[in-house]
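Put chain B on the given structure of chain A with help from the hints.
2 protein chains.
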Amino acid sequence: MSRTHIRERARFAPGEVILYPGVPAPGEPVYRVVSGLVRIQHVDEEGNALTLRFVRPGEYFGEEALAGLERGHFAEALTESEVEAIPADELLGDEARTLVAGLVSALAQGYERIRRLVTQRLKNRIAAALLELKDTALAQTDAEGRPVIRLTHDDLAAAVGSVRETVTKVVGELAREGYIKSGYGKITLTDLKGLEDLASRPE
Amino acid sequence: MSRTHIRERARFAPGEVILYPGVPAPGEPVYRVVSGLVRIQHVDEEGNALTLRFVRPGEYFGEEALAGLERGHFAEALTESEVEAIPADELLGDEARTLVAGLVSALAQGYERIRRLVTQRLKNRIAAALLELKDTALAQTDAEGRPVIRLTHDDLAAAVGSVRETVTKVVGELAREGYIKSGYGKITLTDLKGLEDLASRPE
Numbered sequence: 004m005s006r007t008h009i010r011e012r013a014r015f016a017p018g019e020v021i022l023y024p025g026v027p028a029p030g031e032p033v034y035r036v037v038s039g040l041v042r043i044q045h046v047d048e049e050g051n052a053l054t055l056r057f058v059r060p061g062e063y064f065g066e067e068a069l070a071g072l073e074r075g076h077f078a079e080a081l082t083e084s085e086v087e088a089i090p091a092d093e094l095l096g097d098e099a100r101t102l103v104a105g106l107v108s109a110l111a112q113g114y115e116r117i118r119r120l121v122t123q124r125l126k127n128r129i130a131a132a133l134l135e136l137k138d139t140a141l142a143q144t145d146a147e148g149r150p151v152i153r154l155t156h157d158d159l160a161a162a163v164g165s166v167r168e169t170v171t172k173v174v175g176e177l178a179r180e181g182y183i184k185s186g187y188g189k190i191t192l193t194d195l196k197g198l199e200d201l202a203s204r205p206e
Numbered sequence: 004m005s006r007t008h009i010r011e012r013a014r015f016a017p018g019e020v021i022l023y024p025g026v027p028a029p030g031e032p033v034y035r036v037v038s039g040l041v042r043i044q045h046v047d048e049e050g051n052a053l054t055l056r057f058v059r060p061g062e063y064f065g066e067e068a069l070a071g072l073e074r075g076h077f078a079e080a081l082t083e084s085e086v087e088a089i090p091a092d093e094l095l096g097d098e099a100r101t102l103v104a105g106l107v108s109a110l111a112q113g114y115e116r117i118r119r120l121v122t123q124r125l126k127n128r129i130a131a132a133l134l135e136l137k138d139t140a141l142a143q144t145d146a147e148g149r150p151v152i153r154l155t156h157d158d159l160a161a162a163v164g165s166v167r168e169t170v171t172k173v174v175g176e177l178a179r180e181g182y183i184k185s186g187y188g189k190i191t192l193t194d195l196k197g198l199e200d201l202a203s204r205p206e
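Residue numbers (our numbering), protein chains in the order written: chain A, 4 to 206; chain B, 4 to 206.
For reference, chain A alone in the conformation it holds in the complex (with noise of 0.2 Å):
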């Protein structure tokens, strides 16, 4: 039995900010990105960022209320998203163990990350990241079935812990050897069996 709630839903536009860093207010909810993509994002003082992790439907983020930490991100619509805000005593039974679990997937993802940028070359970063966007919202299709990414070359920075001109390079390098198209804020994925061997290798 599932008991029903009506919860409080709000939409925001891409780009648009849904939580700030800081210390969660009592009783501050955790949010379920209901549709769109919501990134979370580091910024430093001197405004780099570094994205942490892609939040996508039926998952989770703004956990840091539950264990009263200081959030030090923000989360942000990526496309245009709707958000569910769900207090904190409402998470019982099915839903809880819902939670428990998107929490544990986002710590081996971290970890995976972890072991990315100790053990791969950028190169092979960008193509798990590409890889792992195409399953978003920030992915069409076009005419020939392939995966187009709306992308600029500082989301792609910042998702691969690398700077813009660097990654412009190696976009660039991907590009001549037939594994992507590049275009003006979006990457096609020309071959996704090249960049899963890309991803999958050790350096």
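There could be a bad hint or two in this list.
Unchecked claim - Label pairs and their calculated CB-CB ranges:
1) B/R149 - A/S108: 38 to 44 Å
2) A/E115 - B/K172: 27 to 33 Å
3) B/G188 - A/E115: 53 to 59 Å
It should be emphasised that the hints constitute simulated quantities derived from the structure, not laboratory data.
Idealized CB from N, CA, C, for every residue including glycine.
Just chain B, lined up with the frame of chain A:
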């Protein structure tokens, strides 16, 4: 009101493996460290180790069992450790909340680690790792009240995502600059204030 259960506990010697990589069996419990220190570590085919987190008394590990996720890492006792097995279906009320808070905190630590890998140089990451370890069962206090951490350069390299040769060079540098004293298999922290300053620097 808290229910009391007689739960299975086990002791592990330093270096002993508690959990191996693999798919958790159905009904596999999660684990809580009662005493000692447990290291969660990824090891690649060539034997290169990368520490993902340290688990201290009161903290949980083996959370993959809650999400049915494949475990990509080992859990290993770093010091003599006692560990309690907790069946997932006993995780209710306060204990479930403690576990969730622990997962959230592990996730925040993972993000901090990602941030340091992207922005900090090895010297600063080593300072941060030593400060983290000084509050664990690996550390004792010498006659002058300074923390002494029992740790090989291999262990330290795994903790910061580097290799032993490079770590040995930087440890020598930190010793010459008066931050630490380095002995056989142990490191004495002689300038905590200086180490904290290094650890908090962006690069």
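### Message
Check the structure against each numbered hint from earlier and tell me which ones fail, lowest number first.
### Response
Checked against the structure, the only hint that fails is number 3, while the rest are satisfied.
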